[in-house]
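*Asks:* For reference, the chains in residue letters:
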Amino acid sequence: MSKIHVTATVNGDSVEFLADPRETLLDALRDHLGLIGSKEGCGTGDCGACSVLLDGRLVSACLVLGVEAEGHEIETIEGMAGPDGTLHPLQRKFIEHAALQCGFCTPGFLVASKALLAKTPDPTEEEVRYWLAGNLCRCTGYDKIIRAVMDAAAEMRGAA
Amino acid sequence: MAKDEMNPAFKLIGTRVLRPDGLDKVTGRARYGADFAAPGMLFGAAVRSPHAHARIKRIDATRALALDGVKAVVTRADFPTGLTGEDWNLQENCMAGDVALYDGHAVAAVAATSALLAQDAAKLIEVEYEPLPHVTDVDDAIKPDAPAIRPGAADHSVPDGMPPNVVRYFEFGHGDLDAGFAEADIVRAQTYRTEATHQGYIEPQACVGQLGADGKGEMWVTTQGQWYVRWMCAAVLGLETAQLRVTPSEIGGGFGGKTTVFIEPLSLALSRKAGGKPVKLVMSRSDVLRATGPTASASMDVKIGMKADGTMTAGRAEFRMQGGAFPGSPLNEALECAFAAYKLPAVEHIGHEVLANRPKAAAYRAPGAPMAAFAVESLVDEIARELGLDPIAVRLKNAVREGDRSSYGPRYKSIGLVETLEAAKAHANYAAPLGPNQGRGVATGYWFNHNGDTSVSMAIAEDGTAQVSVGTPDIGGSRASLGLMVAETLGIPYEHVRVNVVETGALGINEPSHGSRATFASGKAAVIATEQAIAEMCRRAAAEWGIEPEAVDWVEGAAQPAGPNAGKFPPMKIAEIAGQMSSTGGPIAGHYEGLPEGVGASFGTHVVDVEVDPETGRTTILRYLVVQDAGRAIHPAYVEGQFQGGAAQGIGWALNEAYIYGEDGRLQNAGFLDYRIPVACDLPMIDTVIVEVPNPGHPYGVRGVGETGITPPLPAVANAIAAATGARLRRLPMNPPAVLAAIKAVRGG
Amino acid sequence: MHYHTPASFEEAVRIAASAGGVTRFLAGGTDVLVQLRAGAVTPDDLIDLKHIPGVHDIAATPQGGWRIGVAVSGAELGEHAALKRDWPGVVEAMELVGSTQVQGRATLTGNLCNGSPAADSVPALVAAGARVAVTGPQGSREMAVEQVPTGPGKTALGPGDLITAITLPPRGAGGGDAYQRFIPRTEMDIAVVGCAVNLTLEGDVITQARVALGAVAPTVMLVPEAAEAIISTTLDSDALEALVKVARSAARPISDKRGTAEFRTDIAGVLARRVAELAYARAKGRAK
Chain F
1 MSKIHVTATV NGDSVEFLAD PRETLLDALR DHLGLIGSKE GCGTGDCGAC SVLLDGRLVS
61 ACLVLGVEAE GHEIETIEGM AGPDGTLHPL QRKFIEHAAL QCGFCTPGFL VASKALLAKT
121 PDPTEEEVRY WLAGNLCRCT GYDKIIRAVM DAAAEMRGAA
Chain A
1 MAKDEMNPAF KLIGTRVLRP DGLDKVTGRA RYGADFAAPG MLFGAAVRSP HAHARIKRID
61 ATRALALDGV KAVVTRADFP TGLTGEDWNL QENCMAGDVA LYDGHAVAAV AATSALLAQD
121 AAKLIEVEYE PLPHVTDVDD AIKPDAPAIR PGAADHSVPD GMPPNVVRYF EFGHGDLDAG
181 FAEADIVRAQ TYRTEATHQG YIEPQACVGQ LGADGKGEMW VTTQGQWYVR WMCAAVLGLE
241 TAQLRVTPSE IGGGFGGKTT VFIEPLSLAL SRKAGGKPVK LVMSRSDVLR ATGPTASASM
301 DVKIGMKADG TMTAGRAEFR MQGGAFPGSP LNEALECAFA AYKLPAVEHI GHEVLANRPK
361 AAAYRAPGAP MAAFAVESLV DEIARELGLD PIAVRLKNAV REGDRSSYGP RYKSIGLVET
421 LEAAKAHANY AAPLGPNQGR GVATGYWFNH NGDTSVSMAI AEDGTAQVSV GTPDIGGSRA
481 SLGLMVAETL GIPYEHVRVN VVETGALGIN EPSHGSRATF ASGKAAVIAT EQAIAEMCRR
541 AAAEWGIEPE AVDWVEGAAQ PAGPNAGKFP PMKIAEIAGQ MSSTGGPIAG HYEGLPEGVG
601 ASFGTHVVDV EVDPETGRTT ILRYLVVQDA GRAIHPAYVE GQFQGGAAQG IGWALNEAYI
661 YGEDGRLQNA GFLDYRIPVA CDLPMIDTVI VEVPNPGHPY GVRGVGETGI TPPLPAVANA
721 IAAATGARLR RLPMNPPAVL AAIKAVRGG
Chain Z
1 MHYHTPASFE EAVRIAASAG GVTRFLAGGT DVLVQLRAGA VTPDDLIDLK HIPGVHDIAA
61 TPQGGWRIGV AVSGAELGEH AALKRDWPGV VEAMELVGST QVQGRATLTG NLCNGSPAAD
121 SVPALVAAGA RVAVTGPQGS REMAVEQVPT GPGKTALGPG DLITAITLPP RGAGGGDAYQ
181 RFIPRTEMDI AVVGCAVNLT LEGDVITQAR VALGAVAPTV MLVPEAAEAI ISTTLDSDAL
241 EALVKVARSA ARPISDKRGT AEFRTDIAGV LARRVAELAY ARAKGRAK
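Residue numbers (the numbering used here), protein chains in the order written: chain F, 1 to 160; chain A, 1 to 749; chain Z, 1 to 288.
No lab work stands behind these hints: they were computed from the structure. Watch out, some of these pointers could steer you wrong.
To spell it out: a stretch of chain F is covered by chain Z in this simulated footprint if at least three of its residues, at any positions, have a beta carbon under 8 Å from a beta carbon of chain Z; those stretches are [claimed, not checked]:
| # | region |
| --- | --- |
| 1 | 39-46 |
| 2 | 75-86 |
| 3 | 129-141 |
Just so we're clear, the structure is a prediction, and the values are computed from it rather than from any experiment. By construction, the Cβ of each residue, glycine as well, lies at the ideal position given by its N, Cα and C atoms.
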């Protein structure tokens, strides 16, 4: 089975990889680009652990083929902190609010929450909960995650 | 940090410090099971039975092995024979022998140079099956004419004449049951059923295994217990246990489901056959649901006698449980927890363990206790409602206290059931107004908590910082709580302690992070180890000062003379002692190996308000309150997190989660689409009250908090639905079709 | 598997026609990739339509309706204020498909071509009177949306046929549409029952209506009797009661892991009433 050469931009860097057309964008990120922060919890778009931004749009990387990334911009959890490692307010608030237990779903929640706050800087609790319905967490009961997102939103509005 | 919550006796215990692994986990750097790669690694895939029960007539891997890049295929023929007992069960569950016992049972595995190639090769392995009659439901499996799944599997406890799938039978209790029921004003008996549910950890099982012809092996794996993986793999493969080294990754949830092995022995077997190359195996979500351990399903008869004033006079529980095609369902635990909250003069428990064509049950958070609570706490509520009694008042009237004999035998030491009931009663949620179609439910729950084999070592670094090596993987923040306890004991800043979860070569054996034991057992062990190091530092200071070691105290991170008679020396700080250790006697460390005594049991009380749509039967959780005795909350935020997570899992079990098997015995909902765990918008904020009745058996009063929280939600939600609708559901899940049917039944609609 | 990125529908049709094995068209991919992952369908040829000009566009038609490209995602539909104002039921139906992440990829056309009787957007499209443009080896044609699905996983599209756009008719004055589904959770489930109602008012009286039900038959179904039950009424309690009855008697559901036949029949009536009330309120301008 012949592989296809793909050029894309990931977290601001131009990258190239060879993809079997059956491989997902998630496979490409994890196995070809060494970006293991996006997780596979289901492979069927039901858990959100592989959430990434594709041209700024929130998607599940398991529901995009690697070859579909050609020419597109992708942002993953690895691109969320600043170049000097300064954490995004969401990342900081997740730690402060104990919004993670096992941490496996955390990258997906952070990427999805970032997409929410870009679109809706002042969300209600209900809006946060519905936006994040596709991000499953089995540890926390969501309480502290929702609080962390709301608190980060408040801080970002104040800082803006 | 939130010092307001802090016990004034402590500097650090009870503060909400940042977890040490937080940065790695919010940046995507943390490495979980599937994130590990080894040079020259191959990728594996398993072939799984599509039949619930089938004789394996033939396995032909010729076509798979002919593919370029396919390196090895293993079947049961590649595993040693002659295993017995649980070793055989593990081996049989990891790889079917003559008969596939459930849909998803592994029958072969293949290793190749890429994951896609391994999957392609797996499809080319031909397996010829002869389907056999199957049974998946617990009540069907116990029928005398049910298909016999494993003739001869019953143990000596099963009386003659029992149905063929009953493999274990037992009775226990105390008091005069007949007299107890005769004394009651009201005696009620009902049957309750719970369906199997899955732990639902978001991270599928994953490992990289490497095994050479010399019998030495390495494994990197997501697990709750690296030593369990080691002995289980060694047993299944006939290896010498100490020749295998197991390194745990970060773990993406376990809840009991990662205390055993499934794919791990397969990766080692494939590696050995492929000349010792490492082999990576990662389960799909469908594999996880079909073939890793869900919990048992249960069918439970409960009978309770009560006086008109609410005094319980007798209780009887007869439970039937299936935990798949293997013994090991949590029947004892279920029955022991059933009446644990109640002071009962007479109680009887009877258990039947039954085999069915389902995967081997694994532990799931307080194994057995949620089912038992569903049955008993529902019936207590039914009777209280009939008698017009307040549900908390009834429970307070019968609540066990320190010194009382438990329903399962031992006398309780210090416990906090009454305190949780009082706190629930006093909480604003218990007085919140309810609207139409809304109802409130209350239930209590119990878990023993556990100690287990524990080894910990700690050592002082050259600059006076400290490292702690523990064997209990950190599932929910235990490195933070262990770091707090060690820092508190040493009298140094929390940030000066690093807690490492280490591989099997670094310590004596440890049980997994199960039984709510990590903060209790590794915590107690770490404190004891730290006290050894402190004693050594006091000796070093004493030698320097030329006084007796007994004349040195350890205060706020420094050695100091115990009193004016000991001598007049300025305090010698830990950094000073540490900096000189090479010239004062060498390394300073402490360690603990043993079974930490003093486990403290834990009770919880939950209060839930629901609204039920009378036209669709859909239940909305309006408010949820968890009150639980933590003993002492070392890190309150992670204690709350355990309460909230347990409640959420219990709500899922109550409302929508269930294993659905078709007539063909195949699992119909092997994915997160139809195995419906709660999503963010299904739940409200989950209120918590941490009750602290310190456990005298732990240096900081810890009981363990992980498990009790999943126990009350099942009956609490059922009781709330009954209050909202007048319809009593005695079978889980209470999904909309079930609730609507129950509403129609009571309304004659 | 061979991956193709044709630059025109004609080229896509040619590739499909010359392909020997299993062919799939790829737009959002939220069904195709799941089938691929499960090993249920591994196409020999996968034809990605997203490089064809116009497939990402939502365009007003000269008649005053809307033409929606086959690669327009649910999220893009939801962000299109004018379309949402005209056809809130269609947009809300599509927005119920999957998670926010799935919304970033999933398309109306894909939801239709997947052939699921439980597809959320399809009852809304049917009720709206949407049509599809089809191109294939036999040339181009138009079809009503309700003619596309023929059974679970099956459609009236022949080998090599593909949908090139979906067209919604002009909304017109006094109109309102709505869609709701019943699921056990609040999100992330497949519809146990879905119902869409599209109606037009003159004053308080319903002059035209279309009612469609999902997940209660092998295909999404248009239920003309349900429309008749409310046409020429003011959606008073008698009309609603008649609607509930008709919806329930039209339902021919099965029992499966997502719900029993009895439950689905019951809910079909409940939803028909709730959705009709919402559509009516929207038509009256009383609700968004």
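*Asks:* Run every hint past the structure and note whether it holds.
*Replies:* Here is how each hint holds up against the structure:
For a cut-off of 8 Å, the count of residues in the region 39-46 of chain F with a CB near a CB of chain Z stands at 4, and the three-residue condition holds. Taking a C-beta to C-beta cut-off of 8 Å, the region 75-86 of chain F contributes 0 residues in contact with chain Z, too few for the three needed, and the coverage statement is violated. With 6 residues having a beta carbon nearer than 8 Å to a beta carbon of chain Z, the region 129-141 of chain F meets the requirement of three or more and the stated coverage holds.
The structure fails hint 2 only (numbered hints given earlier).
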